[in-house]
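For the record, the sequence lines run as chains A and B.
In this text, residue positions in the first sequence follow the working numbering: the first is 584, and each later residue adds one.
In this text, residue positions in the second sequence follow the working numbering: the first is 224, and each later residue adds one.
Rather than coming from a laboratory, the hints here were simulated on the basis of the structure.
Treat the hints with care, as some may be off.
Which bits of chain B does chain A cover? Going by a derived footprint, with three or more residues having C-beta under 8 angstroms, they are [to be verified]: (1) 236-248; (2) 259-266; (3) 332-340.
Note that the structure is predicted; figures quoted are calculated from it, not measured.
We treat Cβ as the ideally placed atom computed from N, Cα and C, and that holds for glycine.
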Amino acid sequence: VSTTTLRPVGGDAASRGPKRRSRLVEVVERRGSMRAVGLLRALLGLIVIRHLWPDLVAEVTAVERFHVPWWSWLPVPSAGAYRALVVLGVVAGAAMAIGLASRVATTTALVTVTYLVFVDMTAFAHNRGFLVWLLFGVALLPSAGRCRSTPGGRGGVAGTPRRTARSGRCSCCGWW
Amino acid sequence: VSGSGRWRTWRRAGAVAVLVGALAVHGTLLVRGGSDPHKLFGFRPFNESDTWQAEIVRVGADGSRRAVHDGTWAYDWDDLVGARKLRSPWRGQHAPAGADAVVDFLDRALHWAIERIPDDRDTVALEATVVLTRNGRGPEVVSLRSPERALPERP
Chain A
584 VSTTTLRPVG GDAASRGPKR RSRLVEVVER RGSMRAVGLL RALLGLIVIR HLWPDLVAEV
644 TAVERFHVPW WSWLPVPSAG AYRALVVLGV VAGAAMAIGL ASRVATTTAL VTVTYLVFVD
704 MTAFAHNRGF LVWLLFGVAL LPSAGRCRST PGGRGGVAGT PRRTARSGRC SCCGWW
Chain B
224 VSGSGRWRTW RRAGAVAVLV GALAVHGTLL VRGGSDPHKL FGFRPFNESD TWQAEIVRVG
284 ADGSRRAVHD GTWAYDWDDL VGARKLRSPW RGQHAPAGAD AVVDFLDRAL HWAIERIPDD
344 RDTVALEATV VLTRNGRGPE VVSLRSPERA LPERP
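Whenever a hint applies, use it, and build me the whole structure from the sequences.
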């Protein structure tokens, strides 16, 4: 995630804990910079826009042509609602890219992209599943700054447990 | 046992339960995916080497059969169905998600399309003859047919 100098979870907590912490616990409890995650979030925002762009400019939405929802009980939106969701997703992607309200934007993008993927199985591809998975992972992570996730955002170095980022990275590897 | 010790025990047990539960769910989905034509949540990392090609015909009220791409139909199959994976089915194509997924989509598409051709006053059903090869084995022929529809009244 980053090469920034790592430091253990708050000194007080460390002193209160067992003296001999296992190597594994020490590794997963380290804190580090979220700058790289912020960069990933910004790039994912661009990918979300790229992913939704064909639906944004298409004359016919997926629900107006032949489509197969993943589950028969899944509510299928009207064409107008589908377009509104696409626009919402693109706006969320743009907000992620520029680092505006990035956690809310990431969650919005995750919900929008996931739902639209589930609405039409005929358009599924592994890269779309991977996008959903990455958005899910990044949505769990704090942003690098108070309202910014752009690289170098302030507050990121204060850090978050690297276990969160590490588990996201492991999940991505596991997915593949 | 102190409160913190008990909490630690519960936390560890909870973590183990979550891990075991997640592995069980993943395993179930992987096994179930083997019998699902679309392998939902049991996706394989590599494409299948299956191929498919389908001849789709419209069945007239008099029993005649005409290919949907012979130029005489009021509709265009690609425009009507629209799904990228079912475009130009009369051309041989790769089925990266597997032949079963294509057959399932095509069967659903026939059912879907037969209800959306109001300007066609002659077709009562759509049929597809699908030729499949599964990872080089085959060919295997599958026949599909939509439900019959009542013809619209002539003005």
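Quick rundown of the hints versus the structure:
no. : hint    : verdict
1   : 236-248 : violated (count 0)
2   : 259-266 : holds (count 3)
3   : 332-340 : holds (count 3)
In this structure, the one hint that does not hold is number 1.
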